[in-house]
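If you read the sequences in order, they're chains A and B. Numbering follows UniProt numbering, in which position 122 of the first sequence is assigned residue number 122; successive positions increment by one, without gaps. Numbering follows UniProt numbering, in which position 133 of the second sequence is assigned residue number 133; successive positions increment by one, without gaps.
The set of hints was computed from the structure by calculation and includes no laboratory data. Fair warning: there could be bad hints in the mix.
To be verified - Which chain A residues stay away from chain B? Per the calculated CB distances, all over 12 Å, these: (1) V21; (2) Q61; (3) V134.
Stated by the list, open to error - Calculated Cβ distances over 10 Å to all of chain B for the following chain A residues: (4) L40; (5) G44; (6) R50; (7) L59; (8) W117; (9) H133; (10) Q138; (11) L160.
To be verified - Covered stretches of chain A (chain B as the covering partner; in silico rule of three or more C-beta atoms under 8 Å from a C-beta of chain B): (12) 25-39; (13) 90-104; (14) 180-191; (15) 196-206.
All C-beta atoms in this analysis are idealised placements derived from N, C-alpha and C, irrespective of residue type, glycine included.
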Amino acid sequence: MTDFTLWDIVRNLLLAGRWTVVLSLIAFIGGAAVGLMLTLLRMGGLKPIRWSIRLYVDLFQGTPLLMQLFLAYFGAAALGFDVSAWTAASVALTLFTSAFLCDIWRGCVEAVPSGQWQASRVLGLDYLQSMRHVILPQALRLAVPPTVGFSVQVIKGTALASVIGFVELTKAGTMLNNAAFAPFTIFALVALGYFILCYPLSRYARHLEKKLYGAGIR
Amino acid sequence: MTLDFSTLLPYTEQILHGLMTTIWLTAVTTMAGIALAIVVAYLRDAAVNGRPSPISRLLGGYVEVIRNTPFIVQLFFLFFGLPALGIPISATVAALLAMILNLGAYTAEILRAGIDSTQRGQHEAARALGLSRLQSFRHVVLVPAFSRVYPSLISQCIIVMLGSAVVSQISVFDLTYAANFIQSRSFRGFEVYLVVTLIYLLLAVGLRLAFEFAGRRLFAFRQGGSA
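Excised from the complex, chain A in its bound form (with noise of 0.2 Å):
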């Protein structure tokens, strides 16, 4: 057995913790750019969209993401691709994320109270314009905050990804421990990357509710 330093293994699993950050940046980009465009189709009128799309945030929300993980992984392979644990990982992260922000985002537009809709069709703004105008730039302010604080949940959602051998912080903590066998010393620092990531983020995401709700609207 090799002998570990502290400083191999910080060094390793900051190295590691680069792919957790790619890999939150990819979850949280394409399930934001997913997750626009289903709230944009489930605010139009038809039905049937309305319907799937429930449906669509209703089984990510309702389903481990580990599971997410495995169908993604073992779905592909079912269908005859063979994808990488980078590929697997990057479209379930993103498909979990975008229900979730798509949930997120419809209560921000629900939130706008109604008058507002009816005071810019009485204006004679049509549907898309009072859209443009006055519903969404509304929405968005109520949307950041917990926006802000659901990418706490895309960066420890990345920690799975593990599990299918995507080396990434938490599996880099595992492999070094298989190595060094320090248990406590590494997933004491593990963790500690992960909240070095998401603790500024929750308190930013906290910050921004107390502005909101301080200004007075709602």
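Got chain A sorted already, so can you dock chain B onto it with the hints?
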């Protein structure tokens, strides 16, 4: 692609075994986690000369650490870390401990929001009427706080149930472990995970219905008039 679900039939026993484990883990965690959260919420309220006491700061730290790190890391930390410190711990105990500590932190924070929204005057009035701090907390603050945050509480318990899938990674024979087990024997990964995912979905729906039913019973006295 051909899907073949019949290969799963011989493994019904494993699936049922895993399902029972997931259910009892969730049941124990829900009860113990909520109890822990009540204690944490009560102690976090404590202050020394108008400033948070050392205990409430410490508990605040616990809540923040749990909320800002992944459950799987908390689980590994306990399962691998405690034995290294000379405290032997079985996979099941580690899983339960991690789940309870996790739910406790989130629920304490949810409860705090409910407690904060209870008017300070209510608490003061109860104290003026001669109730002790504990009595006033229990009868005047806690129950209304619970009924107010009940929907978030339901969601959090469901999140913990779904999150428990991760305990399969330390070889607790839960529903996900059963899925992995069957996958490794039958090589029908997609079918297995699809079926097990649907079982989780049914569990989530069932849990929500059960909680809503219990909520109507528990908070029935609050339906008429009180705000």
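Hint check:
At roughly 14 Å from the closest C-beta of chain B, the C-beta of V21 (chain A) stays outside 12 Å, upholding its exclusion from the interface. For Q61 (chain A), the requirement that its beta carbon stay farther than 12 Å from each beta carbon of chain B is not met, with the minimum near 8 Å. For V134 (chain A), the requirement that its beta carbon stay farther than 12 Å from each beta carbon of chain B is met, with the minimum near 30 Å. Listed as outside the interface, L40 (chain A) is consistent with that label: its C-beta sits roughly 25 Å from the nearest C-beta of chain B, beyond the 10 Å cut-off.
The non-interface label for G44 (chain A) is consistent with chain B: the shortest C-beta to C-beta separation is roughly 26 Å, beyond 10 Å. Listed as outside the interface, R50 (chain A) is consistent with that label: its C-beta sits roughly 20 Å from the nearest C-beta of chain B, beyond the 10 Å cut-off. Distance check on L59 (chain A): its Cβ comes as close as 7 Å (rounded) to a Cβ of chain B, failing to clear the 10 Å threshold; non-interface status is violated. A cut-off of 10 Å between C-beta atoms confirms that W117 (chain A) is not in contact with chain B; the least separation is 26 Å.
For H133 (chain A), the requirement that its beta carbon stay farther than 10 Å from each beta carbon of chain B is met, with the minimum near 33 Å. With a minimum CB-CB distance of about 24 Å to chain B, Q138 (chain A) clears the 10 Å threshold, and the non-interface call stands. Look at L160 (chain A): its CB is around 6 Å from the nearest CB on chain B, not clear of 10 Å, so calling it non-interface is violated. Figure legend: the stretch 25-39 of chain A, annotated as covered by chain B; annotation inconsistent (0 residues with Cβ-Cβ distances under 8 Å, at least 3 required).
Given as covered by chain B, the stretch 90-104 of chain A fails the check, having 0 residues with a CB less than 8 Å from a CB of that chain where 3 are the minimum. Note: the stretch 180-191 of chain A has 8 residues with beta-carbon separation from chain B under 8 Å; the three-residue rule is met and the coverage holds. Counting residues of the stretch 196-206 of chain A whose beta carbon lies closer than 8 Å to any beta carbon of chain B gives 3, which meets the minimum of three for the stated coverage.
Hints 2, 7, 11, 12 and 13 from the list above are not met by this structure, while the remaining hints are.
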